[in-house]
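Let the sequences and hints guide you as you build the complete structure.
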Amino acid sequence: MNAVIIFALLTALMITGMPVSISLGLTVLTFLFAFTQVPIESVALKLFTGIEKFEIMAIPFFILAGNFLTHGGVAKRMIRFATSLVGHWAGGLGLGAVVACALFAAISGSSPATVVAVGSILIPAMVKSGYPVRFGAGVVASAGGLGILIPPSIVMVMYAVSTNSSIGALFMAGVIPGLVLAAMLMFTTWWRAHRGGYPREVRATWLERWRAFRESIWGLLLIVVVMGGIYSGIFTPTEAAAMSAVYAFVVAVFVYKDLKLKDVPKTLLASANMSAMLLYIITNAILFSFLLTHENVPQAISEWLLSNGLGTIGFLLAVNILLLVMGNFMEPSSIILITAPILFPIAMTLGIDPIHFGVLITVNMEIGMITPPVGLNLYVASGISKLGLSEMTVAVWPWLLTMLIFLMIVTYWPPLSTWLPRTLGMM
Amino acid sequence: MLKVLDHLEEWLITFLIGAATLIIFAAVVHRYASGVAIPGVQDWLLRQNMGWAQELCIIMFVWMAKFGAAYGVRTGIHVGVDVLINSLSDRPRGKFIIFGLLAGALFTGIVGTLGAVFVWENGAHYAVYTALGLDTSNMYEGPTTPDLEWPTWIVYCAVPFGSALMCFRFLQVCVGFVRTGELPHHDHGHVEGVEEVPLTAPGNEDKVFRLDDDMHPHDEGPPGPLLDHGNKKDGGRA
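As you go down the protein sequences, you meet chains A and B in turn. First residue of the first sequence? That's 0 in numbering that gives the first Met the number 0, and the numbers climb one at a time after it. First residue of the second sequence? That's 0 in numbering that gives the first Met the number 0, and the numbers climb one at a time after it.
The reader is advised that the hints may include incorrect statements.
[Said to hold, decoys possible] Lysine to aspartate or glutamate pairs mimicking EDC-like chemistry, simulated, CA-CA at most 16 Å apart:
#1 B:LYS94 x B:GLU181
#2 A:LYS52 x B:GLU54
#3 A:LYS265 x B:GLU9
It is worth saying that the hints were derived from the structure and are not from the lab. The model shown is predicted, which means the values in this text are computed figures rather than measured ones.
Spelled out as structure tokens, the structure:
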């Protein structure tokens with residue numbers, strides 16, 4: 000019963016359009032005040048201790064690193080490298096877009112930024128070469144979602160923080176699914192291009208490929224710093240994030256010279272702005288999960304589900320549907336922070352692997368980015384391509400379908416995510 | 000006066016994120032560098048204790064989070080579920096927006112007050128009275144942080160001050176909205192240094208944007224500002 004009141008309250012506050020963080024906080028205060036004897040002062044302590052975890056601090060550092068490298072120049076180099084690799088197949092620029100998004104995703108961690116960086120160069124280029132604009136916009140909007148699956152990923156840090164899972168293991172778990180999804184998206188792109196008879200590029204020579212690779216190497220090395228550092232135990236994930244921020248700063252300012260020294264404070268400010276927003280949601284989400292635990296909501300839901308005979312398969316299906324629906328209305332970080340404290344204990348009761356569950360949630364978030372009405376990638380791609388939102392929705396369907404198939408594979412075949420971290424001895 | 004506050008806020012959070020990064024970087028470099036045998040330097044490095052780095056980083060980020068959240072209200076980065084209210088006509092939509100902003104002010108106001116009471120009872124009261132030379136016999140001195148041994152109440156001051164500022168920002172945005180009908184809008188897809196290239200396929204310049212049939216509603220897409228920054232950057236060329 001309490002669960003119903005809490006969620007009704009939260010939903011009611013949320014649909015008025017107020018910030019998610021505020022609705023979470025107000026739900027907690029209202030409920031504690033109106034329905035319980037818990038002194039509101041006890042909330043105060045939670046407010047202070049909420050974000051005092053070193054793991055959470057990886058988020059600002061990753062955002063900072065991404066912002067240093069998310070510049071037109073880096074994207075251009077990655078696109079050149081990607082197109083030199085796959086451009087000669089049917090739909091070459093489209094395939095290049097997928098590869099470029101995957102590479103760029105590995106350094107940026109933000110989907111919409113990936114779509115802008117890659118899309119604003121490639122969509123016009125594709126239209127110029129004779130591709131339909133819907134094809135170009137669709138492929139970039141969908142492939143941009145790779146950003147949160149391929150590590151480093153802020154969404155994964157959010158999940159790890161709210162469920163006490165290992166960030167390193169989650170990152171490793173994202174690698175293979177990320178590559179598989181990239182391959183599947185490429186296949187869809189190729190198939191559509193092949194059917195539509197879209198143009199291809201001139202095959203690049205190995206020398207050209209090598210040159211393009213050398214130019215983009217500094218950006219690509221960031222992946223090595225993060226993943227290598229965490230895996231070898233040289234850094235903790237938070238330290239790896241801080242190191243990558245410093246590394247990205249050096250590359251952007253001194254190597255690529257994309258960023259002038261006097262613009263650095265602006266980048267710092269923008270990163271602080273974004274991080275503070277996420278940290279603020281986290282603080283309030285921690286309050287909210289305190290309320291849920293206090294009212295035994297996860298146990299109640301869990302018992303109710305189990306008594307209704309919902310097994311692992313049914314539960315995972317229900318989770319997917321719930322997350323996909325929520326993904327239509329909210330942005331990923333909020334969804335994870337709100338749902339993880341409830342879903343995670345149930346998943347544990349059912350014996351689902353925590354890392355596998357994290358990857359599954361991340362893939363759901365990815366799909367949420369390209370489904371209307373709230374799909375940031377759609378908005379951004381529609382801004383570049385000048386297609387209306389409803390046309391964008393039509394434009395992404397082949398890739399959306401691919402992602403849904405991929406989601407089913409990830410959901411019901413755990414080894415895809417857990418094999419790599421397990422083999423590396425990280426879980 | 001307000002300008003000064005604005006700059007102070009921006010300056011503070013810029014400094015905090017930058018400094019925290021450098022501190023962690025220094026701590027990691029220190030950890031590995033002190034393992035390298037360089038005569039003289041190694042001894043000096045070993046004498047430095049960087050154990051406080053993690054704690055200081057957390058404190059700095061907590062401060063950054065609280066004041067950054069206030070700055071975020073001013074830049075409109077705190078997003079909500081606005082699909083429903085955006086489909087309303089202007090007047091009811093405006094009412095919901097004002098409700099949301101006031102709710103924000105209410106929440107941050109309550110949190111700020113709770114925080115202030117907490118800080119006062121956990122050391123600030125004692126510290127102030129000690130400083131003034133008053134009787135502190137019945138008061139709680141308050142805990143200190145484990146590594147730096149700073150009184151925690153100073154660290155926790157971020158909550159009352161940050162929340163009070165955030166409350167003020169919500170009210171400020173609300174007043175601005177009532178006066179001008181405009182809200183600060185944050186552009187999530189903005190990438191520095193990306194130029195917008197006009198979309199034109201040879202021969203069908205005006206056709207590429209729209210489907211030929213009339214079966215699709217020709218909506219406007221997102222309201223303009225998504226790529227405005229890019230336009231300004233290259234002198235409105237696009």
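Hint check:
1. B:LYS94 x B:GLU181: Distance ~13 Å between B:LYS94 and B:GLU181 Cα, so the pair holds.
2. A:LYS52 x B:GLU54: Roughly 9 Å between the alpha carbons, so the hint for A:LYS52 and B:GLU54 holds.
3. A:LYS265 x B:GLU9: Given that 16 Å is the threshold and the Cα spacing comes to 10 Å, the pair holds.
In this structure, none of the earlier numbered hints is contradicted; all agree with it.
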